[in-house]
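Put together the whole structure using the sequences plus the hints.
Protein chains in written order, with the working numbering: chain A, 1 to 111; chain B, 1001 to 1143.
Please note that a few of the clues may not be correct.
[Stated by the list, open to error] Stretches of chain A that chain B covers, calculated by requiring three or more beta carbons in the stretch to come under 8 Å of a beta carbon on chain B:
(1) 38-51
(2) 100-107
[Said to hold, decoys possible] Away from chain B, derived, C-beta distances all over 10 Å, residues of chain A:
(3) Gly5
(4) Ser7
(5) Ala74
(6) Gly79
These are calculated hints, taken from the structure and not from any lab test. Even for Gly, the Cβ is constructed at its ideal location relative to N, Cα and C.
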Amino acid sequence: MAHKGTSTFIIQRATAALMIPLGVWFLIGVVSHLGANYMVAREWLSQPLNAILLAAFITIGALHMRIGMAEIIADYIHGGLKGVLSILNWLAALSVIAGVLWALYNISFAG
Amino acid sequence: MPDQAGVPPAQPAPPSSSRPLSPHLQIWRFTVTMAASITHRGTGVVLYGGSLLLGVWAYALAFSPSLFAAVSGFVISPFGIIIVAGYVWALCFHLLNGLRHLYWDSGRGLAPATATKTAWAIYIGSLILALIILYVGQLGWRS
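Right under this line is the structure:
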């Protein structure tokens, strides 16, 4: 992972900037539908703009959170466990992206 | 005292319960900037967990009405409301303090007095923002 410091630094700032408007939208939109009933929530997320924004929120957010967690791992964990946790960190981020995109695809097109 | 050179002074060993911890926890005066830095990391970890829960929520919405009903029931339970409120505040804090970090990256706002003021502003602002969003969100739950 050598020679990646600058690009990681830039990606973390770029994703942070993108997460500002997406985070505001997410807080208002998704949080207000967390307790909503099934049909109301599905109808809301089947609107293309909401689906696209949630896809962007989770994709960009997962990339951002992976870098943040990698920083914490680098600060506190040494030795073999560091490699294991780094892989788990990647797996968690990619799983969230894949899972949410697959769910959104099904809500939008397979419903 | 040349005649005592090389002779360690007689000191009673401190009882083990009062031995000092690692200095960094003791000698640093509490500052709000230090607290904000720790809180930024802490809220980041909370949001990491929240993303995983969002995955469960989206999965349930797409594939499992019964799981979705269980998730919704948890969310509007007293314990669930505390979790959601904590998540909302964590996102508000991380978002506002992230703006502070981006401002720092421009080379501005780094003077201790300024950083202290902005740290307080972010603690207070994140609480206000979270309360507004939870209030608006609660209206959404009822619709």
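Hints, verified against the model:
1. 38-51: Holds, because 5 residues of the stretch 38-51 of chain A bring their Cβ atoms closer than 8 Å to Cβ atoms of chain B.
2. 100-107: Our answer is that it holds, as 6 residues pass the Cβ test (under 8 Å) against chain B, meeting three.
3. Gly5: holds, 15 Å
4. Ser7: holds, 15 Å
5. Ala74: Fine: 13 Å to the nearest Cβ keeps Ala74 of chain A off the interface.
6. Gly79: Label holds. Min Cβ-Cβ 20 Å, cutoff 10 Å.
The structure agrees with every numbered hint stated previously.
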